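At the far end of the sequence shown sits residue 482, using my numbering, and the numbering has no gaps.
Simulated from the structure, these hints should not be mistaken for lab results. A few of these clues could be false.
Stated by the list, open to error - Simulated DEER-style distance windows between Cβ atoms:
| no. | residue 1 | residue 2 | range |
| --- | --- | --- | --- |
| 1 | Y159 | V249 | 28 to 38 angstroms |
| 2 | T61 | G413 | 20 to 30 angstroms |
| 3 | I264 | Q94 | 15 to 25 angstroms |
| 4 | D123 | R433 | 33 to 43 angstroms |
Claimed, not checked - Capping the alpha-carbon separation at 27 angstroms, the derived lysine-lysine pairs in DSSO-like fashion look like this:
| no. | residue 1 | residue 2 |
| --- | --- | --- |
| 5 | K204 | K349 |
| 6 | K349 | K98 |
| 7 | K268 | K305 |
| 8 | K265 | K204 |
| 9 | K305 | K265 |
A quick note: this is a predicted structure, and the numbers were derived from the prediction, not measured. Think of the CB as a built atom: it goes at the ideal place given N, C-alpha and C, for glycine as much as any other residue.
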Amino acid sequence: IMVNSNPETVSTDYDTAHRLYFEPLTLEDTLNLIEHERPAGVIVQLGGQTPLKLARGLAEAGAPIWGTSPQAIDRAEDRHRFNALCDQLGLPQPRGAVATDLAGARAAAERIGYAVMVRPSYVLGGRAMEVVHDQAELDQYVGIILDTLPDNPSILIDKFLDHAIEIDVDCISDGQTTVAAGIMEHVELAGIHSGDSACVLPPVHLSPGIIQTLEDYTIKLAKGIGVVGLMNVQYAIRDGVVYVLEANPRASRTIPFVSKAIGVPLASLAALVMARRTLQELGFTQRPTPAHYSVKEVALPFIKFRGVPPLLGPEMRSTGEAMGIDRDPGLAFYKAELAVGTRLPTSGRVLIAGDDLEDIAASLTELGFQVLRDGDAGAVDLLVDTTRSPRLRRALEHGVAYMSTREAARWALDAIRALRRGCLTVQALQDINHLRQ
């Protein structure tokens, strides 16, 4: 039985469940359905953040919650309890605090030290989230949070880790055994919402020691929280130190990507685990190591909104995503870009604007590109602009491929080199993951 508040789901899920209800995902409506259907179990971790908020109320009303318990969910979602758990497990975290008003936020930011990441608790998609660099910016964004979420005044203030690599880990646990199914390296540095950053699996720029640390921390968190089913953990790596940012005891938006990348149906396994099967019984006890690279890239809607600059930040902007797969990570990135409508050039003119891009300019020159430092962004073949200037919007409107961060430009350069070395190939996902019967 599936309950979904979005009527559009009839186009995709009408034959997935025996019965499909279009109802608001509220406690009252859900309890009415449970009373009518009398299910053996209720799964709340496969519907995003909204069902998690209902878990405690459902359990208190007698609904049988399968998988991670409401108490365990709160252990991950409540900032005080989660910080205490990380301290208990010896897992590094950025310095942080929780405030309920402007005065408390000011005091916390002064104590932690600017720049800080400011966000409301219990929200999804980076809503009302911002990196602030001084008290004036803090006052502005705390005001936005208090106006946006007057019933939820908990404001999370964390030290912003500048120039840190962000990592997503999706794991599955049966309560005893935990498998870090997918470790994803973000293309964009920390500060860009994870839903807006391209990512690659397996990681390209992480040492074996860092990867092992990520796996160890994830297993400790799953056991400490009490996860039964799926969990997503976000990390940041700076100066060789792995910091825990947050843990979400549910299926994340990357589960479909990871499942295709490793050839394992994680949602199906999670459902069986929640029905009290073990990972040992299901034959999934080790992190898969695919022989290919998978890159997830996002589809951004900026072209639909006149005059809106195509800039990324802590608040999620993307409306879709695609993936590219290849044995060469550069070609996988090229395929992912192609899938979302960006065709990287292999020759022509490149306009570069921004600091610390000399090496990229030199590499493009070596590849035979004509590198410009000034000119019309709508009349070149590629724009690399890290200054957040109106040139990005002009490139977008003229169909010019553009990169707004140094990291994305590095990946684009690797993709162009890879395409120069080889050629694009097409292969069925079933053959890539050896799933043919």
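So, going through the hints one by one against the coordinates:
Remark: the range hint 28 to 38 angstroms for Y159 to V249 is upheld by a beta-carbon distance near 32 angstroms. At about 51 angstroms, the beta-carbon gap between T61 and G413 misses the expected band of 20 to 30 angstroms. Our hint of 15 to 25 angstroms for I264 and Q94 holds, since their Cβ atoms are close to 24 angstroms apart. Judged by the Cβ atoms, the range 33 to 43 angstroms given for D123 and R433 holds: they are separated by roughly 35 angstroms.
For the proposed pair K204 and K349, the alpha carbon gap of about 34 angstroms is over 27 angstroms, so the pair is violated. Distance restraint check for K349 and K98: the Cα-Cα separation of roughly 33 angstroms exceeds the 27 angstroms cut-off, and the hinted pair is therefore not satisfied. Note on K268 and K305: the hinted pairing holds, with a Cα-Cα distance of about 26 angstroms set against a maximum of 27 angstroms. Proposed proximity of K265 and K204 is supported: the alpha carbons are some 23 angstroms apart, at most 27 angstroms.
Distance restraint check for K305 and K265: the Cα-Cα separation of roughly 26 angstroms lies within the 27 angstroms cut-off, and the hinted pair is therefore satisfied.
The structure shown violates the earlier hints numbered 2, 5 and 6.
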